[in-house]
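Visitor: Make a model of the complete structure from these sequences and hints.
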Amino acid sequence: GYFVSGAGSTTDRFLDPPAIENFHNDGSAFKAFAKLDYAPDDRNLFRLNLFINRTQFDVPNLPRQESAGQDQRRTAADNMQSLSWEHIFSPNLVSYLAGYQRYNSAKLRSNEEATPVYAEQSRHHSNYGVLGSLTWQKGRHTIKTGFEYTRFPVTESFTFSITDLEDLLEKEPSLPPQGQALLFLVAFFFNKQRTGYEGSIYVQDHINATRNLTFDLGIRFDGYHFLVVSDYISPRLAVAYHIRKTKTVL
Numbered sequence: 271g272y273f274v275s276g277a278g279s280t281t282d283r284f285l286d287p288p289a290i291e292n293f294h295n296d297g298s299a300f301k302a303f304a305k306l307d308y309a310p311d312d313r314n315l316f317r318l319n320l321f322i323n324r325t326q327f328d329v330p331n332l333p334r335q336e337s338a339g340q341d342q343r344r345t346a347a348d349n350m351q352s353l354s355w356e357h358i359f360s361p362n363l364v365s366y367l368a369g370y371q372r373y374n375s376a377k378l379r380s381n382e383e384a385t386p387v388y389a390e391q392s393r394h395h396s397n398y399g400v401l402g403s404l405t406w407q408k409g410r411h412t413i414k415t416g417f418e419y420t421r422f423p424v425t426e427s428f429t430f431s432i433t434d435l436e437d438l439l440e441k442e443p444s445l446p447p448q449g450q451a452l453l454f455l456v457a458f459f460f461n462k463q464r465t466g467y468e469g470s471i472y473v474q475d476h477i478n479a480t481r482n483l484t485f486d487l488g489i490r491f492d493g494y495h496f497l498v499v500s501d502y503i504s505p506r507l508a509v510a511y512h513i514r515k516t517k518t519v520l
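This note's numbering puts the first residue of the sequence shown at 271, with every later residue one more than the last.
Any given hint could turn out to be false.
Pairwise CB distance ranges, derived in the manner of DEER restraints [claimed, not checked]:
| no. | residue 1 | residue 2 | range |
| --- | --- | --- | --- |
| 1 | H512 | D286 | 49 to 59 Å |
| 2 | T280 | N374 | 58 to 68 Å |
| 3 | T518 | V424 | 40 to 50 Å |
These aren't lab readings, by the way, just hints derived from the structure by calculation.
Just so you know, even glycine gets a beta-carbon here, dropped at the ideal spot from N, CA and C.
Guide: See below:
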């Protein structure tokens with residue numbers, strides 16, 4: 271089976287404006303989603319998901335900014351794709367494997383007439399990986415083991431410069447001298463890129479000890495490597511007892 275949907279909108283009052291006149295406030299948005307399920311036989315099931323989203327809008331102006339000709343715009347966009355495969359080896363053994371990717375970006379664009387500050391920003395973040403699991407049911411035991419691995423490159427750049435120091439000091443009188451020195455065209459500029467990753471593996475067992483008593487045992491390892499590098503081992507032990515008379519689970 272398949273499913274497709276989409277929606278879009280446009281307006282001349284996208285954000286709450288800082289002035290009654292509603293200067294420079296156009297915006298639009300669009301998103302779409304598609305899903306496809308395909309089962310070539312009774313043992314295999316494939317699923318494909320696609321998603322896209324985009325929003326672009328003006329940054330509203332104050333009257334002084336509008337008369338100066340300030341034109342600042344923001345754009346936010348993201349898209350996602352995933353593909354999964356579920357396979358039944360037998361009534362007691364099932365596997366699952368999936369891959370995915372997601373990308374999102376945010377941008378701020380400006381012109382030289384921006385006042386009291388000229389600013390631009392660009393941020394990009396990707397997230398892609400693979401995960402899988404194997405589930406086996408045998409007698410009183412339901413054993414599941416699996417893994418996940420994800421990489422996430424991040425890029426960010428930012429620049430700003432003061433175009434009207436007098437006006438800015440009226441709004442920010444405590445601005446330090448280092449900030450006041452960033453007069454147009456002397457600008458602050460930041461640009462960095464870094465890639466992180468995280469992975470995990472686990473194994474767990476759900477045990478039906480009696481009709482009313484169950485145990486959950488497991489252990490999981492997680493590793494995270496980005497600005498912080500950490501590895502964790504997490505054991506798990508849970509007990510549940512069903513009191514049939516009162517229909518209560520402890």
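Visitor: Give a verdict on every hint.
Guide: Status of the hints after comparison with the structure:
no. : hint                    : verdict
1   : H512 / D286: 49 to 59 Å : 53 Å, holds
2   : T280 / N374: 58 to 68 Å : 22 Å, violated
3   : T518 / V424: 40 to 50 Å : 48 Å, holds
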